[in-house]
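Asker: Protein chains in written order, with numbering that gives the first Met the number 0: chain A, 0 to 107; chain B, 0 to 107; chain C, 0 to 107; chain D, 0 to 107; chain E, 0 to 107; chain F, 0 to 107; chain G, 0 to 107.
If you are wondering where the hints come from, they were derived from the structure by calculation, not from laboratory data. Be a bit skeptical, because a hint or two may be false.
Distance condition first, Cα-Cα at most 20 Å in a straight line; then the derived PhoX-like pairs of lysine-lysine [as the list claims (entries may be wrong)]:
(1) G:LYS72 - G:LYS16
(2) D:LYS63 - E:LYS63
(3) E:LYS63 - A:LYS63
(4) C:LYS63 - A:LYS63
(5) F:LYS72 - F:LYS16
(6) E:LYS72 - G:LYS16
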Amino acid sequence: MFLTAVRRSSNVLKSFKPLYDRVLVERVAAETKTKGGIMLPEKSQGKVLEATVVSAGTGLRNEKGELVALTVKPGDRVLLPEYGGTKVIVEDKEYSIFRESDLLGVFH
Amino acid sequence: MFLTAVRRSSNVLKSFKPLYDRVLVERVAAETKTKGGIMLPEKSQGKVLEATVVSAGTGLRNEKGELVALTVKPGDRVLLPEYGGTKVIVEDKEYSIFRESDLLGVFH
Amino acid sequence: MFLTAVRRSSNVLKSFKPLYDRVLVERVAAETKTKGGIMLPEKSQGKVLEATVVSAGTGLRNEKGELVALTVKPGDRVLLPEYGGTKVIVEDKEYSIFRESDLLGVFH
Amino acid sequence: MFLTAVRRSSNVLKSFKPLYDRVLVERVAAETKTKGGIMLPEKSQGKVLEATVVSAGTGLRNEKGELVALTVKPGDRVLLPEYGGTKVIVEDKEYSIFRESDLLGVFH
Amino acid sequence: MFLTAVRRSSNVLKSFKPLYDRVLVERVAAETKTKGGIMLPEKSQGKVLEATVVSAGTGLRNEKGELVALTVKPGDRVLLPEYGGTKVIVEDKEYSIFRESDLLGVFH
Amino acid sequence: MFLTAVRRSSNVLKSFKPLYDRVLVERVAAETKTKGGIMLPEKSQGKVLEATVVSAGTGLRNEKGELVALTVKPGDRVLLPEYGGTKVIVEDKEYSIFRESDLLGVFH
Amino acid sequence: MFLTAVRRSSNVLKSFKPLYDRVLVERVAAETKTKGGIMLPEKSQGKVLEATVVSAGTGLRNEKGELVALTVKPGDRVLLPEYGGTKVIVEDKEYSIFRESDLLGVFH
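All chains should be modelled from the sequences, with the hints used to inform the complete structure.
Answerer: Right, here's the structure in full:
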């Protein structure tokens with residue numbers, strides 16, 4: 000799914016690198032079917048808190064000024080906090096930027 | 000009890016790893032019987048503050064950027080603070096994510 | 000007095016270990032007699048600020064991530080601040096959890 | 000585009016060096032055409048969040064008092080946060096000053 | 000004056016040791032005579048800001064977790080800030096507990 | 000311009016040294032002519048944000064307690080933030096004191 | 000002027016040593032004459048922001064717990080911030096206590 004996402008995105012997005020501990024993510028599309036296969040109206044789907052990391056920063060500096068790499072990397076499936084993050088719109092598609100320390104966890 | 004909990008949970012949950020000092024916990028079911036065995040209505044049971052650690056992060060970074068392991072580990076029974084934490088719902092079951100420093104203690 | 004307190008408490012309490020710099024204390028029962036031996040009504044007894052340490056955490060981590068032991072230990076008689084702490088009820092008995100840095104002092 | 004921008008700016012601007020972790024940027028002009036080439040009224044263009052770095056500070060000091068260089072450099076195309084920054088007007092042209100840690104990312 | 004104060008105080012007080020950077024002080028009694036020897040009503044005496052240190056903590060921990068001794072010691076006459084501190088009543092006598100960093104100075 | 004400014008200022012000002020990271024600046028007089036040479040009423044001139052450094056402190060201490068020199072020095076032309084700073088009046092002339100970290104940049 | 004001030008002050012003041020980074024200062028008396036020698040009513044004199052250091056603390060501790068000496072010393076003429084500081088009255092004379100980091104500068 001990640002590769003598809005990147006392929007669909009513009010050159011602008013491909014060349015984008017978040018600064019320091021920031022991570023650019025794309026929310027996973029909300030499933031519109033129940034397990035039994037019945038389509039659900041948009042309203043009942045709630046807010047999607049899963050996202051795919053599109054691009055990750057180089058990490059924060061430690062006390063010596065050295066960059067400490069982030070834990071997440073492009074392609075990781077992450078769990079987002081319910082609030083926060085900065086919405087970014089590239090070619091009519093919505094992305095979000097979070098600080099890595101605000102992400103709740105990773106699905107391996 | 001812990002193993003049962005994981006077995007009941009989905010593959011998605013099994014693959015989930017909280018980031019840094021976060022801990023995913025599952026609240027212990029409130030007992031609905033008095034010691035004498037009389038069933039109590041839900042209302043009188045109060046808020047359950049005991050939980051089982053399902054998954055724990057890799058720890059916070061120290062000043063050199065090294066990861067310092069957490070104290071709690073999966074299977075630990077912990078005491079939660081009355082407020083705080085982030086509710087997460089996986090396959091219709093509710094979990095919570097806390098920072099380890101917000102947990103009050105561990106039952107060994 | 001401390002030993003009695005623990006003996007009266009449940010197995011659950013015996014196995015409880017506060018995390019990091021937290022300390023589990025049991026407030027000393029308010030004396031209901033004047034020095035002259037006259038029983039006083041509850042109201043005039045004020046809030047009890049003395050407590051016995053039941054269980055102490057392993058200490059906070061220093062900048063290297065090493066645990067620095069706490070000063071107080073189980074059995075210590077401590078002076079509590081007037082406000083703060085988290086009430087915990089185990090087998091119908093009330094305990095409190097404080098961070099050690101919020102305790103005012105120790106009676107040796 | 001960057002070179003043009005500097006050429007149009009005054010000598011005053013050329014000689015300006017932000018202090019420490021500050022970065023002087025010039026917002027990219029909002030495009031007033033749709034992809035299909037139809038001119039859009041100003042209102043529908045939103046706030047431009049892309050900018051070109053005109054001048055970057057020498058970096059912040061680490062714990063030893065040494066300067067740690069910034070990541071962005073003059074000519075970089077950066078993504079600005081929606082709020083914040085200090086507007087600066089030089090020769091009737093508007094620039095903004097941001098701390099580098101407030102910038103969201105760089106387009107390479 | 001300090002020795003007298005301790006002698007008057009209970010065994011409980013003698014055994015009390017403030018934690019870390021806390022200091023137990025006893026306010027100096029407000030003088031109720033003018034220099035010329037005329038007794039003044041209580042009201043005109045204001046708040047007494049001088050106090051005698053009864054007991055001092057072991058000091059705060061530095062970044063390595065080592066205890067750094069306090070500057071004031073029992074018997075020191077100190078100047079209190081106008082606000083702050085925690086009132087403590089031992090055997091009907093009032094004491095105050097301050098963090099050493101809140102004390103304004105020492106009279107040698 | 001800087002030398003003139005000092006010559007006009009009193010001996011008191013010459014002997015003044017800001018403490019630590021503070022910088023004493025004198026705002027550049029607002030130009031009251033347009034480029035075309037037409038005098039403008041005071042109102043249209045806005046707030047002058049350029050200033051000349053008259054005197055700079057010795058710098059802040061790093062974690063070892065050593066002084067780390069400031070970047071700006073007397074004679075530097077600096078860009079002030081729109082708000083902040085402390086107004087100081089010496090011999091009927093107005094100066095401002097800023098922390099160096101609040102200054103936006105330097106004109107070389 | 001400084002010596003006179005101390006001579007007029009009591010023994011209590013002579014023996015006073017501010018703690019850590021605190022500095023005891025005495026405000027310079029407001030001049031009640033214009034340069035031309037005309038006496039001015041009190042009201043027009045404003046708040047005096049110049050003061051003489053009477054006594055300075057031993058300095059703050061660095062991260063190792065070592066005391067780092069202050070920059071100002073008794074006898075220094077300093078510029079006070081407009082607000083802040085703690086008023087202290089010794090033998091009917093008013094003094095102020097400031098943290099050294101709140102002082103704006105020194106007149107050499």
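Asker: If a hint holds in the structure, say so; if it does not, say that too.
Answerer: Results of checking the hints against the structure:
With a CA separation close to 12 Å, the supplied pair LYS72 of chain G and LYS16 of chain G stays within the 20 Å bound. For the hint linking LYS63 of chain D to LYS63 of chain E, the alpha-carbon distance of about 18 Å falls within 20 Å, and the restraint holds. Proposed proximity of LYS63 of chain E and LYS63 of chain A is supported: the alpha carbons are some 18 Å apart, at most 20 Å. At roughly 14 Å between alpha-carbon atoms, LYS63 of chain C and LYS63 of chain A fall within 20 Å of each other, so this suggested pair holds.
Taken as a hint, the LYS72 of chain F and LYS16 of chain F pair is honoured in the structure, with Cα atoms around 12 Å apart against an allowance of 20 Å. The suggested pairing of LYS72 of chain E with LYS16 of chain G holds, with an alpha-carbon distance near 14 Å, which does not exceed 20 Å.
Hint check: no violations occur; every hint is consistent with the structure.
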